[in-house]
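K.L.:
Could you slot chain U onto chain C? The hints should help.
Chains as they are written, first to last, in the numbering used here: chain C, 1 to 282; chain U, 1 to 282.
Honestly, the hints are just simulated from the structure, not real lab data. Please note that the accuracy of each hint is not assured.
Pairs involving identical chains hold if they fit within one copy or between any two copies, as the list cannot separate such chains.
Stated by the list, open to error - In the SDA-like style, the derived pairs of lysine to any residue whose C-alpha atoms are separated by at most 25 Å in a straight line are: (1) K275 <-> P228; (2) K128 <-> L235; (3) K128 <-> S276; (4) K128 <-> V171.
Given the structure is predicted, the values throughout are model-derived calculations rather than measurements.
2 protein chains.
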Amino acid sequence: MIERLAIVGVGLLGGSIALAARAGGLAREIVGVGRDRQRLEAPLRAGVVDRISIDVGAGVEGADCVVLAATVSANEHLLEAIWRGVPASALVTDVGSTKRGIVAVAERLAAGRSLGFVGSHPMAGSEKSGWQVARADLFRGATVIVTPTDATEPRAVKGITALWEALGARVSALDPETHDRTVAAISHLPHVAAWALVDAVGRFEPGALAFAARGFRDTTRIAAADPPMWRDVLLANADAVRASLVAFRAALDELERLIAAGDAAGIEALLARLKSAREGLA
Amino acid sequence: MIERLAIVGVGLLGGSIALAARAGGLAREIVGVGRDRQRLEAPLRAGVVDRISIDVGAGVEGADCVVLAATVSANEHLLEAIWRGVPASALVTDVGSTKRGIVAVAERLAAGRSLGFVGSHPMAGSEKSGWQVARADLFRGATVIVTPTDATEPRAVKGITALWEALGARVSALDPETHDRTVAAISHLPHVAAWALVDAVGRFEPGALAFAARGFRDTTRIAAADPPMWRDVLLANADAVRASLVAFRAALDELERLIAAGDAAGIEALLARLKSAREGLA
Numbered sequence: 001m002i003e004r005l006a007i008v009g010v011g012l013l014g015g016s017i018a019l020a021a022r023a024g025g026l027a028r029e030i031v032g033v034g035r036d037r038q039r040l041e042a043p044l045r046a047g048v049v050d051r052i053s054i055d056v057g058a059g060v061e062g063a064d065c066v067v068l069a070a071t072v073s074a075n076e077h078l079l080e081a082i083w084r085g086v087p088a089s090a091l092v093t094d095v096g097s098t099k100r101g102i103v104a105v106a107e108r109l110a111a112g113r114s115l116g117f118v119g120s121h122p123m124a125g126s127e128k129s130g131w132q133v134a135r136a137d138l139f140r141g142a143t144v145i146v147t148p149t150d151a152t153e154p155r156a157v158k159g160i161t162a163l164w165e166a167l168g169a170r171v172s173a174l175d176p177e178t179h180d181r182t183v184a185a186i187s188h189l190p191h192v193a194a195w196a197l198v199d200a201v202g203r204f205e206p207g208a209l210a211f212a213a214r215g216f217r218d219t220t221r222i223a224a225a226d227p228p229m230w231r232d233v234l235l236a237n238a239d240a241v242r243a244s245l246v247a248f249r250a251a252l253d254e255l256e257r258l259i260a261a262g263d264a265a266g267i268e269a270l271l272a273r274l275k276s277a278r279e280g281l282a
Numbered sequence: 001m002i003e004r005l006a007i008v009g010v011g012l013l014g015g016s017i018a019l020a021a022r023a024g025g026l027a028r029e030i031v032g033v034g035r036d037r038q039r040l041e042a043p044l045r046a047g048v049v050d051r052i053s054i055d056v057g058a059g060v061e062g063a064d065c066v067v068l069a070a071t072v073s074a075n076e077h078l079l080e081a082i083w084r085g086v087p088a089s090a091l092v093t094d095v096g097s098t099k100r101g102i103v104a105v106a107e108r109l110a111a112g113r114s115l116g117f118v119g120s121h122p123m124a125g126s127e128k129s130g131w132q133v134a135r136a137d138l139f140r141g142a143t144v145i146v147t148p149t150d151a152t153e154p155r156a157v158k159g160i161t162a163l164w165e166a167l168g169a170r171v172s173a174l175d176p177e178t179h180d181r182t183v184a185a186i187s188h189l190p191h192v193a194a195w196a197l198v199d200a201v202g203r204f205e206p207g208a209l210a211f212a213a214r215g216f217r218d219t220t221r222i223a224a225a226d227p228p229m230w231r232d233v234l235l236a237n238a239d240a241v242r243a244s245l246v247a248f249r250a251a252l253d254e255l256e257r258l259i260a261a262g263d264a265a266g267i268e269a270l271l272a273r274l275k276s277a278r279e280g281l282a
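Just chain C, with the same shape it has in the complex (with noise of 0.2 Å):
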């Protein structure tokens, strides 16, 4: 039972948890932090949040736990101001969709003053974002990546992942490095796809949007994510990113290799091998 959570970004994922922290009773009492006011009254006039701040020292002051959802720079710049303003048997975690960066940040004020501090990254997100479209069932059943280092306090990883677990998520553990490769791998490369694609009918055939059919909306659904949240991922996990387009590049070629030398059986078997590789995900 947590007697203050404080959570710093009321948007889908913030609002998400405190929707789930409440439903199933997990915090006595939930604080709201933001930036806007304005945008914090849905959630306390919901009553899924007991109180709300928009100064992050006094509302994360007392708290036992602080998750920050934010977007992953706010998050890193606002990391030192809860790290003063929390007692040291607090738990704080964020959840960013980038680690390497707010792991650093942390180990460095670690090395001032102990905290238990474990990053998290869950994958529940989506498209959309906000308030309105959070859900206390946003984790049931969804993948919590949390990321300890050997510095990292092993009271953090075990009290934020029983936070996750209570909030009805499975939870792995990464190193932030591989972390940071494997949602560049899974998550900001096929945005980045996504956002080509969308981008290179408009290059190529403008008029063909007016045909797109499941096939097309399906693979560039995620080509209309928030800009300014993926502007910060982009630019936090930019060599991860770039190093993750250098194969997707490569597996371009060799398709376009085989479709330029009318390759059929190599197109074939290639496409069978693809295929399996995709229906192997659960």
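P.N.:
Relative to chain C, chain U alone:
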């Protein structure tokens, strides 16, 4: 009312046409034609086709309407036998994903004997294939592109359009060249991107597949499409697919250049433009 509808290839598309025609009472007799008698027996037992034939000439004899629903290359090879086998008054179409090839074959044959052919492309596929996934409502609300040229008999456009509308589809007309560029942009290129995404994960960070969430699944769903069918499509439309890849690579390059430059405002502006283009899809 069609007296005798012959469907060559009773898989997802051909089978769905048979189911919808039977349900709507559009044809007095439906003949299923294919290479494999055993595979034809399921739709025969289900009463969806009245007769089956593994001989194309015999199967289409006396038909007043023929739908070619085998692979793109098989359709092109079969068209000559159909041309010889049907009455001069018959209407003939195909449902292949590329149109320049079969339209060229039809125009060559029409120089010898006039016949009511127009190409069709129902935008209502699936990554699954075969009779067992056919559905009577597959074409309801779907778009079908017909591809007449100056040489096409008007009665063919009129009759085949009426058939699709009776099956519940909306019909648009494009010339074969524009059609093939359109489907390269909104279907073939997204398939290529989906295959390359699956391939890239294997090349870059194979363990990442274990963490694939909804974004990756949606973006790569079509990577499980039927390899022999897509081998044909990629080869039949090779030039348009490769031209679309030029646009796709240019789009990837532009976004990567902004990431490499750390151009936060440029990334956000580009993503906002593409989000808006994606959301413009009805």
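K.L.:
Quick check: which numbered hints come out false for this structure?
P.N.:
none
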